[in-house]
Structure formats: structure tokens, C-alpha cells
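Student: Heads up: the sequence lines are chains A and B, in that order. Going by our numbering, the first residue of the first sequence is number 52, and it counts up by one from there. Going by our numbering, the first residue of the second sequence is number 942, and it counts up by one from there.
It is worth saying that the hints were derived from the structure and are not from the lab. From a predicted model like this one, the values you see are computed outputs, not experimental measurements. It is possible that part of the hints are untrue.
Covered by chain B, according to a simulated footprint, are these stretches of chain A (three or more residues, beta-carbon under 8 angstroms) [stated by the list, open to error]:
(1) 62-70
(2) 130-144
(3) 213-219
(4) 237-246
Okay, the calculated bits of chain B under chain A, using three or more residues with CB under 8 angstroms as the criterion [claimed, not checked]:
(5) 977-985
(6) 1002-1013
(7) 1068-1077
Distance windows between CB atoms, simulated [to be verified]:
(8) B/His-1035 / A/Glu-63: 57 to 67 angstroms
(9) B/Arg-989 / A/Ile-135: 49 to 59 angstroms
(10) A/Ser-249 / B/Ala-1106: 38 to 48 angstroms
(11) A/Thr-111 / B/Ala-1106: 35 to 45 angstroms
(12) A/Ile-135 / B/Arg-961: 44 to 54 angstroms
Just so it is clear, CB atoms sit at the ideal spot from N, CA and C, and this is done for glycine as well.
One-letter residues, chain by chain:
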Amino acid sequence: MSTCHPRRVTRESAERTLAGLAHGSPRRDGAVAEVLLALVAPPLDRETAGERQALSALRTARQKPIAVRRTGTFGRRFRQFVAIKVAVAAAVLAASGVAVAAGSGDLARALSGGTERSASRPPAAAHGPGAPDQSASRSASHGTAPVGPSPAPDASMATLTASCLEFEALTSDGHDTALRGKAFADLVQAAHGRSRISDFCAVLLTGGSPGPHAPSGSAEAPSHPTPPSRTAHPSHPAHPSHPNSYFDRQRLPDTGRHARPGLHV
Amino acid sequence: MTGDSVDAADALTAAIAAARDGDDDAFRTVYRLVQPSLLRYLSTLIRRDAEDIASEAWLQIARDLQSFHGDGDAFRGWAATIGRHRALDHIRYHQRRPAAAVPTQDFADRAADDDTSIDAVDALGSERALSLIRSLPADQAEAVLLRVIMGLDAQTAALVLGKRAGAVRTASYRGLRRLAALLTEPEPTDADRAPRRTVTPTSTWTLKGTT
């Protein structure tokens, strides 16, 4: 048997050997090449013993097709990019709002807990997944709103939830009358209009986040509540790996056998 | 197998497309073309339960095949990635040693009974060859296996391992050089057979490919 001295193995020769194997023209020029060829020896029967099981899994998968996500690598990376942009923008906005609020003295008031709004801050459980941080958004709206009586009193989630419950309790005949009253003013404002209250409350009461309460001046931006099922990037907890995920250089989690998620942006 | 030719890659690409269109026979072809490679690769990562891990990987492949887009080479990379992640999850699940880098007995128990001496080459089955590869440091073994058994180029293997292509080339080169060193050791005699079995330091078998 021929042998191959380690000193004869160079980067170039190693690449040639590997490339030769990959292209089906292996160089039988030494013991190393023989070993590598043996690695790709014809398959044994026992190595394909799971064929039936795999096929049955395929048939099952066809019967229950999963929701196919957009799988383009570019699309995923673009969404990541946009999400990061939005997150950074939100962080900057919040930070600037805090700065302005500090300058105008609102921050001190807010921190002192003297306002009735901060007294009625909702419990943490009232936050839906992804709910905006109340203090941050409030500070931001204070920072950008003109000083003086605020045109957009920012009701807390708890207050809004209570209003929604009241609203739901009313009959449809009583809706219009009730919505004109002061009792639902905050709710109307948060939902950006009376006609959107139903959707807003539906999301709020089912535990979703109705989105940030922008002042009504920015109502052109369609920030009305979005039902959870319409979120742009649904999570797939039962779908732990993306088919093209190996393009994305994912990091593995440290724990959990099947906890490796795709990158849900 | 992996190294046959470009035709084999084309056949795999065509079979994947047909399988996605609902052709069961095409899926069988995909399975037969990829599974032996995948199992041999996984058996180096995790020896004892490699068949189970490969089965799990195929369940996932079958489930997600509809959303896979790519050619045969990309499919091999995808399958290797799924199998590797499953294997790492399995190793972590059975954490025998809590450590950041995952040294595993499963991973390392490969050489306990394996004779990695040169006479392994005499009757070179894939098992013997795999035994030799298992005696390499983990990063070198993985690089060699992904490129040889799974038939991936350095770039795709790098994506599977989460490394740069240059690092994969270096690891494969070092693996081959070490393999050559193993193979050029003098023929074993009864006197030196026992110490020669300790050539492979188990402490080098740590899995560091997740960054």
C-alpha cells in the first residue's frame, strides 16, 4: 500500500484531493485518498432503513401543509434590516422624548408619580406581547407635543381595557350616543376614530397589543390596531428550522433540545 | 454517492424538484442519495443515536421540503445543517458535562474500541474510514466529513459550520495532514499496540462550531 507522508500534504494538494472527490475524479495517490474514498463507499442497506418512515412523514406533511413563509434569503435579510431600523428609530425617538421631557420638567413629574396617569399605570400583565413600553411612549409623546394642555391625553392600557369592557357591554344602539360622551373620549382617541373601536377593543381584550397610541395628529399613518393573526411575521414555535436557515449563520441556543428557532424578525 | 459526478448532483436537483411536486419515488431517490452521507456524517458527531437523529432530521426535511428552494448542493447543505443542529441539541439535552464548549462522551466514545491503526486501511470499509476520521480533532473531522461525505464545497460547509470558508479549508487541510500522519505510523506490533491506541486525545473532542 502506498502511503502519504504528512509533509507531502500541502494546502494545495489537500484542496486538489477534496476537489477531485467532489467532482468524481478522485486521485488514488496514497493512503489518505484511499481513506477518503472509503468514506464515500456505496451505501449499505441498513443506512437507508428509515426510508419508509421518512416517506410517511412526507405524506403526513402533504396532508397538513404548513404555512409556507416567504423563504427568499434576500427577503429575510431585508426584513431583518427593516426591523433593526425600526427598533433603532424607536429607541432614538424614545430617548429624545425623555431628553425633551426632562428639559420641560415633565420627566420629573412623571417620575414623582404625582400624575393620575402614572398612578393608574397598568400592571405588567396588561402588556400584551410586544406591547410598547408605556412610560417610554408617554415620555415621547410629551416630548414632541406642544407644551400646554395636551390634545392627546394618553390613557393607560388598564383604563382602555376597562373602557373596552364597558363599550362591549353596551348594545349596538347605545354605541353612538355613548361614544360622544366624555367617558369614551380616551378610547376613541386611542383607536383613532369611533369606527375603529370595535377592532381596537377586539385586539386589546384578546391580549394583543393594539399598537402605540399616537396622537391623533399622526392618524394618517395607519397605526390602527392589527389583530394578532395579521402580524407580519407570525412565530412558528412548532417550526424550529427554516429550510434555508443555513444561509443565515444562525447561532444555536444554549439549551433545549428542540428549542432552536428560526430567526423570526 | 456524493463524489460521483456533476450528473449525480443534477439527479438530486431534479429529484428534489419532483419530490416537491408530490412524486414519492423522487423523494425516495432524494433519501437514498443523501441519507447514507448524512448518517455517516452524524455518526461522527454523535455515534450512539445517529440513526435516530438522522430520522428526526428527515422528519423535518419532509415537513419543510415544500419551502425549500435550491439545488442538490444546497439541499445537502440544508440536510447537514438540520442534522447537525439536531445532533447538537441531542448532545446538549444529554449534557453529561456542563460546559460552554460541548465535550461529549457520545461524541468521543468513538475511539474506545476502534483500532485506528494503519491496518484499518487494509479492509477499508466506510466504518473503518470513519473510525480514522473520528480520531481527528472535531473541527478537522467535521470539515473533512462535510466536504468529502456530504460533498459540500468549502463555502457551503462554512455556512453549515458557521465559520469562514478559509477556516474550513484550513481545518480540512490539517485534518488530511493529521490523517496522513496517522497512516504513516509504523506497523503495530503486539508490544506497541496498546499505547498506539491512545494516540487520539479525547480532550480535543469538543464541539466548537456554533460561532
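Student: Confirm or reject each hint.
Tutor: Status of each hint after checking the structure:
no., hint, result
1, 62-70, "holds (count 5)"
2, 130-144, "violated (count 0)"
3, 213-219, "violated (count 0)"
4, 237-246, "violated (count 0)"
5, 977-985, "holds (count 4)"
6, 1002-1013, "holds (count 10)"
7, 1068-1077, "holds (count 5)"
8, B/His-1035 / A/Glu-63: 57 to 67 angstroms, "41 angstroms, violated"
9, B/Arg-989 / A/Ile-135: 49 to 59 angstroms, "42 angstroms, violated"
10, A/Ser-249 / B/Ala-1106: 38 to 48 angstroms, "55 angstroms, violated"
11, A/Thr-111 / B/Ala-1106: 35 to 45 angstroms, "37 angstroms, holds"
12, A/Ile-135 / B/Arg-961: 44 to 54 angstroms, "32 angstroms, violated"
In this structure, the earlier hints numbered 2, 3, 4, 8, 9, 10, 12 are contradicted, and the remaining ones agree with it.
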